[in-house]
Amino acid sequence: MPTIYDPRAVEEKWYRYWEENKFFRAEVDDREPFSIVMPPPNVTGQLHMGHALDNTLQDILTRWRRMQGYNTLWLPGTDHAGIATQAKVEEQLAKEGKSKYDLGREKFLERVWAWKEQYGGRITHQLRRLGASCDWDRERFTMDEGCSEAVKEVFLRLYEQGLIYRDYYIVNWCPRCHTTISDIEVEHLDKPGQLYYIKYPTSDGRDAITVATTRPETMLGDVAVAVHPGDERYRHLVGKTLVLPLLGREMPVIADEYVDPSFGTGAVKITPAHDPNDFEVGRRHNLPQVRVINKDAVMNEEAGPYQGLDRWECRKRIIKDLNEQGYLVKVEDHNHAVGHCYRCNTVIEPMLSRQWFVRMKPLAEPAIQAVKEGRIRFVPERFTKIYLNWMENIRDWCISRQLWWGHRIPVWYCRNCEEAIAAKEPPRKCTCCGSTRLEQDPDVLDTWFSSALWPFSTLGWPEKTPELDYYYPTSVLVTGRDIIFFWVARMIVSGLHFMREVPFREVFIHGLVLDALGRKMSKSLGNGVDPIDVIESHGADSLRFMLVTGNTPGNDLRFHFERLDGARNFANKIWNASRFALMNLQDYDPASAPGREAHTLADRWILSRYQACVQEVTRFLDSYELGEAARVLYEFIWDEFCDWYIELVKPRLYRGQDARDRACAQDVLARVLRGTMELLHPFMPFITEEIWQRLPHQGRTIMQAPWPVYRPELRDERAEAEMAVLMEVIRSIRHIRSEMNVPPGKTADVILVVTDGHTRDLIQEWSSYIQGLARCRVQLKPELDRVPPQAAHGVARGVEIYVPLAGLIDIDRELARLKKELAAVEKELKRVESKLGNESFLAKAPAEVVEKEKAREKELAGKASAIRERLAVLAG
RNA sequence: GGGCGGGUAGUUCAGUGGGAGAACGUCUGCUUGACGCGCAGAAGGUCGUAGGUUCAAUUCCUACCCCGCCCA
Numbered sequence: 001m002p003t004i005y006d007p008r009a010v011e012e013k014w015y016r017y018w019e020e021n022k023f024f025r026a027e028v029d030d031r032e033p034f035s036i037v038m039p040p041p042n043v044t045g046q047l048h049m050g051h052a053l054d055n056t057l058q059d060i061l062t063r064w065r066r067m068q069g070y071n072t073l074w075l076p077g078t079d080h081a082g083i084a085t086q087a088k089v090e091e092q093l094a095k096e097g098k099s100k101y102d103l104g105r106e107k108f109l110e111r112v113w114a115w116k117e118q119y120g121g122r123i124t125h126q127l128r129r130l131g132a133s134c135d136w137d138r139e140r141f142t143m144d145e146g147c148s149e150a151v152k153e154v155f156l157r158l159y160e161q162g163l164i165y166r167d168y169y170i171v172n173w174c175p176r177c178h179t180t181i182s183d184i185e186v187e188h189l190d191k192p193g194q195l196y197y198i199k200y201p202t203s204d205g206r207d208a209i210t211v212a213t214t215r216p217e218t219m220l221g222d223v224a225v226a227v228h229p230g231d232e233r234y235r236h237l238v239g240k241t242l243v244l245p246l247l248g249r250e251m252p253v254i255a256d257e258y259v260d261p262s263f264g265t266g267a268v269k270i271t272p273a274h275d276p277n278d279f280e281v282g283r284r285h286n287l288p289q290v291r292v293i294n295k296d297a298v299m300n301e302e303a304g305p306y307q308g309l310d311r312w313e314c315r316k317r318i319i320k321d322l323n324e325q326g327y328l329v330k331v332e333d334h335n336h337a338v339g340h341c342y343r344c345n346t347v348i349e350p351m352l353s354r355q356w357f358v359r360m361k362p363l364a365e366p367a368i369q370a371v372k373e374g375r376i377r378f379v380p381e382r383f384t385k386i387y388l389n390w391m392e393n394i395r396d397w398c399i400s401r402q403l404w405w406g407h408r409i410p411v412w413y414c415r416n417c418e419e420a421i422a423a424k425e426p427p428r429k430c431t432c433c434g435s436t437r438l439e440q441d442p443d444v445l446d447t448w449f450s451s452a453l454w455p456f457s458t459l460g461w462p463e464k465t466p467e468l469d470y471y472y473p474t475s476v477l478v479t480g481r482d483i484i485f486f487w488v489a490r491m492i493v494s495g496l497h498f499m500r501e502v503p504f505r506e507v508f509i510h511g512l513v514l515d516a517l518g519r520k521m522s523k524s525l526g527n528g529v530d531p532i533d534v535i536e537s538h539g540a541d542s543l544r545f546m547l548v549t550g551n552t553p554g555n556d557l558r559f560h561f562e563r564l565d566g567a568r569n570f571a572n573k574i575w576n577a578s579r580f581a582l583m584n585l586q587d588y589d590p591a592s593a594p595g596r597e598a599h600t601l602a603d604r605w606i607l608s609r610y611q612a613c614v615q616e617v618t619r620f621l622d623s624y625e626l627g628e629a630a631r632v633l634y635e636f637i638w639d640e641f642c643d644w645y646i647e648l649v650k651p652r653l654y655r656g657q658d659a660r661d662r663a664c665a666q667d668v669l670a671r672v673l674r675g676t677m678e679l680l681h682p683f684m685p686f687i688t689e690e691i692w693q694r695l696p697h698q699g700r701t702i703m704q705a706p707w708p709v710y711r712p713e714l715r716d717e718r719a720e721a722e723m724a725v726l727m728e729v730i731r732s733i734r735h736i737r738s739e740m741n742v743p744p745g746k747t748a749d750v751i752l753v754v755t756d757g758h759t760r761d762l763i764q765e766w767s768s769y770i771q772g773l774a775r776c777r778v779q780l781k782p783e784l785d786r787v788p789p790q791a792a793h794g795v796a797r798g799v800e801i802y803v804p805l806a807g808l809i810d811i812d813r814e815l816a817r818l819k820k821e822l823a824a825v826e827k828e829l830k831r832v833e834s835k836l837g838n839e840s841f842l843a844k845a846p847a848e849v850v851e852k853e854k855a856r857e858k859e860l861a862g863k864a865s866a867i868r869e870r871l872a873v874l875a876g
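Note that the first sequence covers residues 1 to 876 in the numbering used here.
Quick caveat, the hints were computed from the structure, so don't treat them as lab data.
A portion of the hints provided could be inaccurate.
To be verified - The following label-pair restraints were derived from C-beta to C-beta distances:
(1) L525 / D183: 22 to 30 Å
(2) D589 / D533: 38 to 46 Å
(3) A659 / R579: 51 to 59 Å
(4) D183 / T465: 29 to 37 Å
(5) H178 / E12: 38 to 46 Å
(6) R382 / E869: 50 to 58 Å
What the hints assert, rightly or not - Taking lysine to aspartate or glutamate pairs in the DMTMM-like style, the calculated list, with each CA pair at most 20 Å apart, reads:
(7) K573 / E678
(8) K650 / D661
(9) K424 / D396
(10) K852 / E828
(11) K22 / D137
(12) K295 / D443
(13) K295 / E90
(14) K429 / D441
(15) K523 / D482
(16) K820 / E869
(17) K844 / E857
(18) K835 / D810
(19) K116 / E106
(20) K316 / E302
(21) K781 / D756
(22) K385 / E302
(23) K116 / E145
(24) K835 / E857
Yeah, the Cβ is synthetic: ideal placement off N, Cα and C, and Gly gets one too.
With the sequences and hints as input, model every part of the structure.
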């Protein structure tokens, strides 16, 4: 075995072994199921750190539950990602100097499918490199036959139930993507802008109203000015007619509660075709709707002289013209939220348009109840509130997209009588007039419409499959907090509506992976770190371990390369500890290992600590505290197993004259190491498999090894307490040696004075531990017969330590050291004493706390007096 | 404007109603037969500010300040 662990040599090998042997495969049986559906990444995308985190968490849960004996299904798949994928192919075409219109719909879709074939395997291959133990035989795609069938079924049912409708409404139009997007796909960014005050004269020319707006170009579509009905300032003007500057259009002054009298001038221009609030006001007052901006965000013919101008250019010209004609009253700086397209960051144009919507209110109600009643639980709990708040204020969902790549809306329009016919297959003739001139709606559905069905469409719905019956509802959904609204909420809605049952029992939300400076990783910033690069340089295990530790559920995680190095060092530590074990296990025979009666203190101690580790790791996994579970393993392996147990076991293996003791050491070493690898396997699947396979084991893979079960009868409190004493004595001697500059290679003489009989017996029996780990010769005494003249001094757990340093000791230095130590002890002692002197404390604090403080007082007092005595001797 | 998260060692972050932790960095030693991606030792923190509850608050409550995110 090489001295440095090389992940490249083992990771690929084991993944192939697992996959070829179908260890990820899940089949329906009579065990208890544990199922997860993978949040489907973009089919043509590539793995980023967010995926790496999300899938690492899922894999940990999956591997752990599988080892626990659940029938575990982790179902993978990919998403067609409408806008993103289409945009990429269009980009590709643009390089050839073509547009999608040059190809036409059909040819264009062929290109996208070809693109999907070319890049579709990339991300799933990358997930394999991460170690994802999902059932690839069940991999799905949101546009495969089954999922498409589910989409049509859902659309038709909702349509028949009146929960899908087509209507004119203000939608968010992205002039660059050339499609509508839903409300949650709009990102609101606070931007510095101006508030323009514009005077609208009355038609008789005697009066005027000044309105304030941040978007003066929309005035071309104004059809009214609204004031609050209770606003005294404008009461006399309500009902009068105004003349729109620049265009000369006449329009009324209306009163509406919507107006906030305290904002701007208290008078609002109304543009029903380009603002959602104005749209509502317009409906209430039967106002016309005048669209002045077209789909390229260029002013149209309704804009009169401004036709053909880009919206920003138009704004400039309008301001100039208003100013010249005396209508511009003033301009103020004003910060306001501007909607941007989440995909391309273009400023969204609210626009009147006829689209398909899902009526959300009635669907949201059961989804609210399911969470309120605890049938779905969010982890961490605080996300419940975010979810409920959104659900309770839900608005209808605009589901049509002006794209070609996606699930085409299954509705045909009759060109004769305008009837709309919803159907899975193209109807032959109009159900109303019998005409055969039918045309399918050109639009496709929002990508999230199909992902909303993911937990059941992937299991076969609308067919009644055994898988659907067995694995639904899934056990837990693991996803980022950024898509609670996009995805989690909609899955809950559709699961409850179509399956009559929640889609998952728990939702485990994690944060975002940020760069070292705390910024979101993004292409435009170029601050992303490619997980594949990391896997190549540090190994998948290190990446996984780093992503899981030092971070708490739901919180964001900063990516630091130093932490990655730390994880790699940990892997290397495991590797070398195992190397040590394996080098000393060549003649190990588990069958003939001596029983418990042969165990040394160190054996009993490490076995007990291992049990504690089993208990804690399992407990933390149970509560989704994966970072804490990983930390427990890190500390157990590095500190207890490597730094103490291995050191203690060395002499028994190297130059053990006692064959039985050697066999015993081998047995404990092998068993603890194997068990620890099993506990660590969900986190670091590759290195643990490699080591496990080299150790004596049963079964074909660590993946199928039973999860270690906590056995309280193997906890040994006494061994732990006794080891604690020895460890502290050792640490104390090491400290003295280091402080007094005793060369590390030199064996020191140490006198231990122990008055307590039990402790003395303990040290007597295991003095080899102290001699080995503190490099010394120990002389044990019940009391001090003669004060060592030149010696450094220390106290640990009632054990007085003298390290004679004839000729080496600097009395002044030793005095200074002891004084410093005494000061620290006395300070602490004072704190404890004052606590114990407090009547209320004694009366009200729990007895065990009081006992603990008393014990501490005794220990500290003893320590202080020992140091004081020593000081007196040295000074005298 | 509303909500949420964070403010703990030089840095990045865990954690807890009863003696402040880790990693990295720093300092001192070390060819100790698993590992220098290592070993041993050390220094370093009025746990954001001000109140309150409690025998006891870094931890619970209230207000405020700063940073970040989400929603309107």
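Review point. Looking back at the numbered hints, which does the structure fail to meet, lowest number first?
Key: 3, 9, 18, 22
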